[in-house]
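Read top to bottom, the protein sequences are chains G and X.
The numbering of the first sequence is the working numbering, which starts it at 1 and goes up by one.
The numbering of the second sequence is the working numbering, which starts it at 1001 and goes up by one.
Take these hints with a grain of salt, some might be off.
Just some of the chain G residues that point at chain X, by a computed CB distance under 8 angstroms [claimed, not checked]: (1) H43; (2) A46; (3) Y48; (4) R77.
These aren't lab readings, by the way, just hints derived from the structure by calculation.
The structure presented is a predicted model; accordingly, all values stated were derived computationally and were not measured.
Ideal Cβ positions, reconstructed from N, Cα and C, are used throughout, including at glycine.
Take a look at the letters that make up each chain.
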Amino acid sequence: MGKDTLGEFELLVLLAAIRLGEAEAYAVSIVDEIAARTGRDIHRAAVYVTLQRLEKKGLIATRLGAPQPERGGKARRLVRVERSGREAVREARHAFQRMWVGLGAQLEER
Amino acid sequence: MSAPRLARLLVRLAAPGDRRDDTLGDLEEAHRRRAARSRPRAWMLTMAESVVIAAALLRERLRDGRPASGRWLTAGDLRLGLRLMVRQPILTATAVVSLAVGIAVATVGFAFTETLLFSRLPFEGGDRVVTIRTVEQPSRDAARLSAEDYGLITRQATTLEHLGAISGSRENVVVPGGAVETLITAGLTPTSLPYLPARPVAGRLLVPSDGAPGAPPVVMVSARFLRRAMPDVPDAIGRTLEVAGLRRTIVGVLPDEFEFPNSADLWTPIPEGFRDGRASLPGDASLFGILAPGRSLGAARDQLEQLSDRIGHPAPGSSVRLEAAGFTDLGPMAIDMATAAIVAVLAVLLVIAANVGNLILARSFARQREFALRAALGASRRRIVGQIFLEVLLLGLIAAAIGIVAGDAALRTFNRMDELPFWADFTAGPRATAMVVVATLVATMVAGAWPALRATRRDLAAGLHGGDGRASDVRFGRAAGTMVVVQIALSVMLLHGALILAQGFRAFTEPTVPLPRDVLTANVNVNATRVDAASGDRVTVRAEDVERIARGLPGVRAAGLTTALPRQSPRPVPVELDAAEGGAPASRLRLPSAEVTAGFFDAVEGRVLAGRGFRPGDYAPDAPPVAVVNAPFVERVLGGASPLGRRIRAATGDTPGPWRTIVGVVPDLGMSVGDPTQAAGYYVPLAPETTFLYVAMRVTGDPLEHTNPLRRALLDLDPGLIVARPERLEDVAGDDLVFFKWGSVTLVGLGLLTLGLALAGVYAMMSLIVARRTREIGIRLALGATTTRVVRAIVGRAAWQVGTGGAAGCLLALLSLGMRANLASRLGDGGPWTLPVVVVLLLVAGLAATWIPLRRALGVRPGDALRAE
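Construct the entire structure; sequences and hints are all you get.
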């Protein structure tokens, strides 16, 4: 995907991160969120790779939370969606909506 | 509950440095959530997940131009490597399986070493526990100290916060219901308990007054023992158990996890009077200490060494030294064993890596045009070397994953063995894992870097000119050809040995000697910790008493004692046979023998064939020495002549035993099973007093049902008599069976693997020759050469290698037969067909290895071949 456009999975990850909020969005919870809402079997490896790419594009920023005993004393890498990330999500939604216009009849099942 | 170590390692290696911790945290969290539902499933899923995560993260790093293994590699190289692996499945499988075997061996070897050298007691403060041995010099026997000496050590050893005593033993315990069990027991000074993780689940811990003279006898038991022996008793506290003839009240129950100083089920108090010099320690107890905070083992050693000069000397010319060691230190023996293990592991790994390198070298020569093209397009030699190295690294990574999992499985099996010390945990810890990673990298270096450097050594551009390829053939031939020959030779020898062992195993399992099925056998021994208070000697038991008691039990039709049961194959020792009157000369032989009582032959239905068996009179102190030989002795040693009246004596050491007159002949009672050449042997009367013997009882009904009555009756004779390993006569020496089984399977596997690797070398070489001589073959065929001549030209070298290696292997196999008698006397020579079978196997496999390249060579069309260059 180019720097300015979002792939479908990138969009899902961004949406999940926005839903969860900065305090709760990290790889494991993002996987759970996407799986719960879409019913898809998401692999965490894909989420790591996507988060790295989104961060490089400047759409998200990450920081380490506090160490947690149930994680073997390791911290979570919490995700914050940046202003540009929210903008990209809005842009994707508009693009989808524009592409959707007038297709209702053609997508009806026969 | 934590994520598997291997999974953590994979993720740790693949994740970028700044993301490592949180990615590991995610892995841990996801694993714990899964484990809460199903632990075995969680293990599998987390392992699989870690592989996917590691692959994805590595791929991403390569995409970013930040490769994990060097800046001169790209994602393109990785893709090419993966494609080659898929396109050459035989080579990939051979290399991966070989390296995986090496890495599995390395995992086991390094975990073994780590356990031997770096184990600690598995509880907080466990590294402060030290054992203190009192050693008499120069004999190095365990010395007994006086009460004053113990008082002195307690007062002066300031490097120790606490000085206690421990003992370990096996004792007869009469459990409620009347059954007698032989249990692992421990003695412990009650004041030591606060330093140990002993938290009773019921009742209380032992207290110092429990060990005071005249105190009522008490015992702590394990929860595990209660569940097994007293499942119907709701509250065991206050109940009594008879331990080694003494009735003790249960005062506390310890959890299953508590193990110290051994894996005991019962703990009894050791009196603490030795601390202030009022009393000596019981004979079976030894000292241990807890290091004072901030004091090292070395400081304690030095202090105890100084104290040694101040304690009593037992006899002129001798002295007693106090020696401190970590509780889990196994001494110099452990270092020797660990060194041997590491050397063996590295040798196996390097041989395997060299083999894989051989394969890669062959493939690299075959790809020289590709390399030349890349060089012409601007790739540096370093880049091409890196490409080959990366391909092998990929093979190594897959092999490492398989090898570590296989090694881990082997270690789990090993950990289930009962005989291991409680603190021994044979799993790959951080040191072992690090060593495995290093060993894998070294193996990969050998298997990848060496062929890569060799294959790219000459001017790569020459590859584009076509060349005649002969120079490369020769370069490949010398080192690799020698290696192939040596490997074929070794694999033939190994396979031959393995087949003999497998035959030995079969012979061992087949009942060659008919023995009765209604005989109970058991080992009867005097508790090793029991010593005579006055003399310090081990307490013995009268054989006559044991035999009388066994014979008198209900349902017992005959009973006898021996030092070696049928199928136990006592070790042959040198014996002398004197000359027959006017006949055969004297001779020296190596024969197995056993001591037996008069009732033994009857107990195992050994009918006397000639002369007589032993009589009670033969056991009198002044009776003339006699012996009874078996039927194989008469056949093999005397050629069928009567042995009666001949004399025989043991000739071990400087003083030979007394001459014994042969008075009878009994059938073959399984003196040696599996090796007919060792079946000839003889019997002598059992010594009247002993500490270790076997009882054989011919009974009515199920033999094992007579175990408890035997234990009870012997308990009445002496509470310290331990009845161990009760089993039917037909099950005797079952451990040997397992050894033979696994030994033969492992050896056959190793032999086949070596042969497979050697033949893979033949295949690689043949492929290379065909690839590089396509043009020549085409010209030959065009000029009218017959197929036979072409075959001879192509196959000649492979045939030479297989032939030379095979012949050398046969020679080695025959030579090793000579050493066999010393190493494993029970094995036969495998019969005349074993070696031919190996040779036929070698020829068939050799033919298969040459067939594919050969078919390719014969399929060359002259026109195509000429156009190709």
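Now the hints, each set against the structure:
no., hint, verdict
1, H43, "holds, 6 angstroms"
2, A46, "holds, 7 angstroms"
3, Y48, "holds, 6 angstroms"
4, R77, "holds, 4 angstroms"
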